[in-house]
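Chain by chain, the residues run as shown.
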Amino acid sequence: MKRKTWMTLAVATIVGVLAVAIAAVAGIGRAAPTKGDAAVKVALVTDIGGLNDKGFNHLSYVGLQRAIKELKVKGRVYITKSAADRKPNLQAAAQDGNGLVIAVGVLFEFGPLDDVAPAFPNTKFAGVDVDWSGLTSHPPNVRGIQFREQEAGYLVGYIAGLWETRHPVKGKMVVGGVGANKVPAITRFLAGYRAGAHKANRKIKVYIDYANDPTFADQAKCKETTLNQIGKGSRVEFEAAGACGLGGLSAAKQKHLWGIGVDADQSFLGPHILTSATKHVDLSVFDAIKAYKANPTGFKGGFNKNYTVKNHGVGYGKLSAKLSKADRTFITAKANHIAKLIAEGKIKIPSK
Amino acid sequence: MLTAVIAFFIGGLVILATTKKNPLSTYRAIFDGTGLNWFFHVGSHKIGIPFTDTRVWFPWDTASRSAMDLQQTLIIVTPLILTGIAVAFAFRCGLFNIGGNGQYTVGAIVGVQFGVWFAGLPGPVHVIIAMAAATLAGALWAGIAGLLKATVGAHEVITTIMLNWIALWVGSYLVGFNGPMQDPRALSAPVTRPVAQSARLDVFWGFPTLQGLHIGFFIALGALVVYWLVLNRTTLGYEVKAVGFNAEAARYGGISVPRNYFLAMAISGAFAGLAGSIDILGWEFNLDLTVVQSVQIGFIGIAVALLGRNNALGIFFAALLFGALLTGTSTRNLDPSVFKPELAGNLTQIIQGLVVLFVGVDLLVLYVWRALRRPFPRRRVES
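Protein chains in written order, with our numbering: chain A, 1 to 352; chain B, 1 to 383.
Keep in mind the hints are simulated off the structure, nothing from the lab. One thing to keep in mind: the hints can contain errors.
[What the hints assert, rightly or not] Only pairs whose alpha carbons sit at most 20 Å apart, straight line, appear in this in silico SDA-like list of lysine to any residue:
| hint | chain 1 | residue 1 | chain 2 | residue 2 |
| --- | --- | --- | --- | --- |
| 1 | A | Lys352 | B | Lys21 |
| 2 | A | Lys305 | A | Ser82 |
| 3 | A | Lys253 | A | Ala243 |
| 4 | B | Lys340 | A | Ser82 |
| 5 | A | Lys334 | A | Lys346 |
| 6 | A | Lys182 | B | Met181 |
| 7 | A | Lys182 | B | Lys21 |
| 8 | B | Lys21 | B | Phe39 |
| 9 | A | Lys182 | B | Asp32 |
It should be emphasised that the depicted structure is a prediction, and the values quoted were computed from it without experimental measurement.
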């Protein structure tokens, strides 16, 4: 009797194993987006940090909201709460029938996109800040989205330089730039900043320092570095440092000097923000959705889409309300002229 | 278990009050998201007999959403069981190990480094080396707190909390930008090199590239058995429990209290360190800065041990509950039309907090219950 039960179990197990094999072969095909859906469905997969991080994730969400409103697409956001969510979120987004899945954050480049994208060849993927050439599986359905930070840095450096030139203290002109850590994006911002300030005036002294904060969130470190530069006479402080830079900007406020924000237009922090080096993540997300909606099957991957001054992907933010009218008109006219030259490719900007 | 039920009930009222949604439908949505509905997938699969639409129960399906969700739930349950044991074992010795998170982090760091090294080794050997190193590292890390407790009497709650921060910031330095462990090919991201193919655990359910369920789950189940065996069938377990019941009495009985403090902490840390390496070798494959700084597995382990009452079976079910909650309330599962995604994550935390709170209340209820029933017979004894 007992022996018979065991035999039954064994047979059931073998059948089960066989079925697993069949399911493994058959299963993935079902991932294709359902045809005949009236509305275009897109998904946004954010990284750890949530929608209220006042930075990357938030901006990408703004872009999605705009697309939902203006393009009448159906959008859904998949929030990544822990590393264990990254791959399942991408997979679920594809399986839920979203034709375009946008992953936000460079960490999707190291594993998640490489593994998930090839499993869903009919779904298009885009990765904000993802470098396509860094993907080892070279998936043809993934588009990288990158920003030319040096152009934004150049513009705000130029504006800082103009202001210093018009308001030198005892003949001295000094500006400073602070980065959180030496990573490519930050180095690009700061290289552009130095070149831009020198474009405005060769005689300007530019200090560039790194706060060595790998977390991008330690405000005390950026504040210390900024105060060092202020001690050396700098009167405009560019903080290319994410949340770390908020510390530096508050230091500039305390000393009644100018601060320059980064990524988002940080003019909301107060009139001490001269301007901001903006990186329009929201625009890049909106653009990707727009391009996908216009031609879902023609949405190409396999390369990086670059955002520059020319396509309004990077630029400078609102000028401070504290500026005198004369300063404002002068700076606006000059900066817009330079922006035009950059867009036309007439200015070579170093990237490091 | 009463605890969990009450917590859910209160959580439901909170949902009702704040979002004006039906708590039952919300719970239904969470349950569907956990993947546990996979067991009830009656008739959901076409078997493809020509000219018919025959559907059968297909329990071995691997690619449906519920199968994927269940895989994800069990992937989270795996380290939760181990960090739950890490807290529970110390509890049995009368120690409160808050350092599970730090020990987990140390295990993950060592695990990823050993997974990157020795790339040529045959699979099982490589996996065992990496896991053993991580386990040892976790044991040493917790052993510091145990040693301090045993020698100078430093309170383990203070020392383990501090060791958590040390692990977090040392890990941040190692993994972060320009750190010694950062992938030289990935200058733009704070992430380590991926572990070698030979160090990765086999996936036995689901797709290996899509984060299927790896065999680390069985290691966690095995650890539960080990935990039970050590506590109930060995001298070490007896001594640990004796010290936990009453340290003075144990000392009087000839048991070395300091030795057991050290051993209990080290063994606890070993389980947490193992959890860290299993996550790395099972599905994560590399370690990035956001993980080092935001991982919560060790802290949830405290809730697991509390709810599971430090008992092997209890830990399993408590880990299953919390793991299921985490996947069930993730935004990919909780439909935004049922529950706002911004609030979904907070819902998990509300329920977790309530569970921990009610573990205490549970004891209070029992106490009151006994107090109400006792006066009568007790008075009779007195007279």
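Next on the checklist: Let me make sure I understand: some of the numbered hints might not hold for this structure. Which ones are they, in numerical order?
Outcome noted: Violated hints: 1, 2, 7, 8, 9; rest satisfied.
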